[in-house]
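Engineer: The primary structure of each chain is shown beneath.
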Amino acid sequence: MTPLAGYLLVAALMFAIGLAGALTRRNAILVLIGIELMLNAANLNLIAFWRYSPHPEALTGMMFAIFSIAVAAAEAAVGLGLVISIHRHAHTTDLDHMNRMKG
Amino acid sequence: MSLVFYLLSALAVAGALSAVLLKNTVHCALALTVAFAGLALLFLELDAQFAGFAQILVYIGAVAILIVFAILLTRGSETPKDGVYSRNWLAGLVIAAAVFAVLGWAVLQSAWTLPHETAVPAVTVHDIGVALVGRYVLPLEIVALLLTAATIGAVIVARHEKEEAK
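Chains as they are written, first to last, in our numbering: chain A, 545 to 647; chain B, 7 to 172.
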């Protein structure tokens, strides 16, 4: 097995773990943790493809990963702000109890 | 495939698994930090020094701390009595397993076309900086705008609205 295939398999495993966490947990913050894990797995793919690409000096995959990290940070800030706001209104972070959009 | 790669991926996967499986939410956030650190070390193993240290700064330094703050602000550290998994957890598990099966199958099928060991790329942080303000300056500005908008938006969304409640 080539090194790139190993990294891709690890990234696929981390993506699946994150997806399982996002789909099975009740707590909204744990769902966000699962989404962060999925984004990180995608970043690992980007960096691995950059490292084993024929022209790494073009920096395409590296730039993609850096911008992806910045966008993930913005997503985490807004997502956690939403969770705190919902907790203030509904006094719960349990997704099974969040079944109304009206406050 | 070196021993270092196996150790680092075992660390990252173990951190991710415990972040998803543990009952106490604070323990989940700490396990998530371990997973982020494992991924940052994998980036360093891939000769991507800048991305590795950016991962440590942004994820361990900012996102993990933000998640711990959110857990403590929402009193999410108390384990709920009716379990931590949602009602249809089996469907989610099946979907995740199916996604991993498809991805793993695709990687293993195309493994012989993937490139073998290549030379270490001679890319320095200086090259990345020049590219960021040269060829990639427009995406950089857009990301700066996005980060500003997201920070202001997060503050507005999470703000107390006492004057409206009166």
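Among the clues, some could well be false.
[Unchecked claim] Derived CB-CB ranges, DEER-like:
hint, chain 1, residue 1, chain 2, residue 2, range
1, A, H633, B, I66, 17 to 25 Å
2, B, F59, A, V615, 14 to 22 Å
3, A, D640, B, A103, 45 to 53 Å
[What the hints assert, rightly or not] In the EDC-like style, the derived pairs of lysine to aspartate or glutamate whose C-alpha atoms are separated by at most 20 Å in a straight line are:
hint, chain 1, residue 1, chain 2, residue 2
4, B, K29, B, E84
5, B, K29, B, E123
6, B, K29, A, E601
7, B, K29, A, E619
[Said to hold, decoys possible] Among chain A residues calculated to face chain B with C-beta under 8 Å, some are:
hint, residue
8, A556
9, I573
10, E601
Since the hints were derived computationally from the structure, they do not count as laboratory data.
Beta carbons: idealized from backbone N, C-alpha and C, even for Gly.
Engineer: Confirm or reject each hint.
Structural biologist: For each hint, the structure was consulted:
no., hint, result
1, A/H633 with B/I66: 17 to 25 Å, "violated (31 Å)"
2, B/F59 with A/V615: 14 to 22 Å, "holds (18 Å)"
3, A/D640 with B/A103: 45 to 53 Å, "violated (22 Å)"
4, B/K29 with B/E84, "holds (9 Å)"
5, B/K29 with B/E123, "violated (41 Å)"
6, B/K29 with A/E601, "violated (45 Å)"
7, B/K29 with A/E619, "violated (25 Å)"
8, A556, "holds (4 Å)"
9, I573, "holds (6 Å)"
10, E601, "holds (6 Å)"
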